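Q: The listed protein sequences derive, respectively, from chains A and B.
Residues 3 to 319, numbered by the working numbering, are exactly what the first sequence covers, in order.
Residues 3 to 374, numbered by the working numbering, are exactly what the second sequence covers, in order.
Among the hints, a few may not be true.
Claimed, not checked - Distance ranges between label pairs, derived from CB positions:
{"no.": "1", "chain 1": "A", "residue 1": "121", "chain 2": "B", "residue 2": "15", "range": "20 to 26 Å"}
{"no.": "2", "chain 1": "B", "residue 1": "107", "chain 2": "A", "residue 2": "299", "range": "45 to 51 Å"}
{"no.": "3", "chain 1": "A", "residue 1": "107", "chain 2": "B", "residue 2": "111", "range": "48 to 54 Å"}
Bear in mind the hints are in silico, worked out from the structure with no lab data behind them.
Because the structure is a prediction, the values reported are computed rather than measured.
The beta-carbon is built from N, C-alpha and C at its ideal position, and this holds for glycine as well.
The chain contents come next:
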Amino acid sequence: MTSQTSSVGAAVPAGGRSAPAGRTRRAFGQTTAGYLFLAPWLIGFFGLTLGPALASLWLSFTNYDLLQSPTFIGTANYVRIATADPKFAAAMKVTFLYVILSVPLKLVFALLVAMAFNRGIRGLPLYRAIFYLPSLLGTSVAIAVLWRQLFAADGLVNAALANFGIIGPSWISNPNYSLYTLVVLSVWQFGSPMIIFLAGLRQIPTDMYEAASLDGASRTRQFFKITLPLLTPVIFFNFVIQTIDAFKAFTPAFIISEGTGGPINSTLFYTLYLYQEAFGFFRMGYASALAWILVIIIAIFTAFSFLSARYWVHYDD
Amino acid sequence: MATSIVLDKIVKRYGSVEVIHGIDLKIEPGEFTVFVGPSGCGKSTLLRMIAGLEAISGGDLLIDGERMNDVPASQRGIAMVFQSYALYPHMTVYKNLAFGLETAGYKKAEIDRRVRDVAKILKIEDYLARKPKALSGGQRQRVAIGRAIVREPKIFLFDEPLSNLDAELRVAMRVEIAKLHQSLGNTMIYVTHDQVEAMTMADKIVVLKDGNVMQVGAPLDLYNRPATQFVAGFIGSPKMNFVAGTVESADERGSVLTIAGRTVRLPGLAVAAPRGAAVTFGVRPEHLTVGGETGELLGDVTVQLVEHLGGETVLYTSNDAGDTLNVAVDGQLRVKTGERVPLRIDPALCHVFDGAGRAVATPVARTEARVA
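Only chain B is shown next, with the shape it has when bound in the complex:
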């Protein structure tokens, strides 16, 4: 039976400095939730408060409806995988896995059964007699996950568990953790600063900045409908392009902006901002097209650098006003550095943010377009 977690106006203070500012969040049973945000945004602190490793300064933490603020970490039914793995270097893998069960007073036979079951699941049976120093990074990571699983907790917490692995292993472990979630079905919270990890693994992403939740939603919701310029810039790779603009006209059918001295029509994109308002226009690199006749013309740009990735090519370009615009195009498109090319946009896939960074554009035809 999976477990729900509710954060009700959670606050964290260190002395007089408040670092988490009244966070409200509901995590459904069995959900894989990812806390994502830049360094110092409070994601690890929030996770540690849920784990019971940090005291909660204000608000309530409820697990399955029960207030957990003052419940010791060991009694919250939580297991945690640490960024450093936190394996005991003087113990064998077997002992590392068995430590929690021995502490809980399980009988030897039961400990042995559970340890060997988990070792089998994580394919570390051959390493049970080894010490952590004799394991590779990936194997250590498996042991750390095994140590969490073996206690059969209600909730799993992962604090940037893949950040010490190389790129290839990170992808492999990402898949394994996702599979693990599917097979165990437990509620899991995963902290990362890597938005790709967040996008690929999460049922729900919580984007944090400066101790505040910026947006909560499914990965594609955040990608398609970022509530703020910060979320728009943080979610998606390559990053969204931002260009300063001015509202020329706007109504429920569409809008017209001035971008880099050029009038750009955005039919189907309603912008809730008055005429003359300074805004930021946003468009993802993969939503820009080079040449062609479809979409609206954004303007001509000069190609500064071309990155051929095989499947796609990334063009680093700049317009006449000096704004940088990255463009992700088909991998086979031949474009040369220094070449001047026209960029086109699908207005329904564009974003507009007001001076405070709030999204003010609504794609009136997006749903219909996607369905079609």
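Extracted from the complex, chain A is given alone in its bound form:
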């Protein structure tokens, strides 16, 4: 250690030309250390995200069944999706319906609960944790299985309805209702947007409401003229995140329909259809094309959301 120090120390005044070299070595060492610290993330990003994404982009232009090498077929997969795949249209319809129904309902419900919490109740941290739990568990297989039990013909929902003399259908095996059970499951997972709404509500200064109440504004007017506009950044955030999540929803439909997307494709989420193509029929190239179409749909939706934000999202600064 001493010898190292002395040798470096001797090199600096003696030549004068060695000093930049020493600095370069130090800089190199620091850069290497920096990259080493970054390495776990870099490996994860390149190896598990960017690499597979680019590979799937390439595969989307191929015919690939896992057993034989991919063969390049140009845009044939995309052409087939656009022109000759009725199941794609069915999956799109189910997914869009799910997104259109579940996202607004979940956001409205989350906002209502957040507003109730924001009025100041005892034991708020406990309630907040309890209400957040479904968000942690909601996408799990266990909850999907539980949901299947709840909404089955002899499930708890029908047992409860029977107390009022109502004989309920089998909600999950009736194509008229099956998607709505998944919508309800999605709404039940309101905890995450609720927590964010609650944080947003806490940010709105109390004196704005006081000023409004001195102006004679009713609670309803205060909500529409103050709360809602000032909450738009949070609404926007929740809306984008929840919509992307809804487009990507998979587990509930997979478990409840036992992977079929039935009955009669009524729960055939886009990701479920993609899964069927990839791991049911081993059409990896076709599934990759489906995946990229979903990426494009989500990208277009996100871009449109951001473009529209300037007209309805109010940022204070």
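Following the hints, complete the assembly by docking chain B onto the known chain A.
A: Chain B in isolation, oriented as in the chain A frame:
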């Protein structure tokens, strides 16, 4: 027609904790009243109770003789300017000003007329299309005041409205609010912890401490005749000097105190305290003179620090007992740090407080002296 406000034994409790303890106060129509006091004294709470933003736990609030305890805030004829301005950040200045009128259901033409009139008065016509974030602190303050004026309320309440402004702007806005009061003639209540604001703006000052009114009066009354040591220390800048003393003798013609081991004669200052009583002697920095022959000698002090402000010079001094005495003298007086100087007092301008902090000195010749 200006409005009177009466507070009759007003009490505020949060659970079992009482923070406002039965306040009695009468505010005359058109009066500019300032609630002043240190942080936590209850001045803002009292204002919010008048506004209807806090429930009144006990006593009665009367506006023009009508009991207002249970009347909603919006129906009390009150407008309030908040410390934070409370402007709606997503609305333009025009919309901010119009909000209350729209809520009240005024027609568009009437709203437009009123908004533009107020904007003209407050010189914010050019900013009507802007949002608050595009305004300076002073402009925001004007909009906040405009929002109060536009509704043409009977009473204006100001909750520390200038505390977010820089010193220069604060002085300018102080003058503007005072002018506004003169032109509108409404009853106004203004809360501040800044005694300079209170002194310069108020018709009547209410000094509060720990939820109690310590003294009510015109600014100069409070300055000249503080009822307690707290008020004496709070009103006036620089602050009044306080030194411990003992009553040697006292009668209706004057008194003699022992201050820092020195006998000080106070002719013309009657002290209502027995011989031997421990008291606090108070004198304002501007009522102390350095050297000269007029007045009574208080004692010699050592100058610790000299602050030249131009118009006046403030000397930070201490006597042999270690008491700090600040002295405000003519700005051109040349005094050096470390110099030992004699301090003289006009007994008629001095104050004496008993052990409980109550004023016990009466300047028997003060009125005559001032008239002369």
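Q: Run every hint past the structure and note whether it holds.
A: Tested hints:
no., hint, verdict
1, 121/A / 15/B: 20 to 26 Å, "holds, 21 Å"
2, 107/B / 299/A: 45 to 51 Å, "holds, 46 Å"
3, 107/A / 111/B: 48 to 54 Å, "violated, 42 Å"
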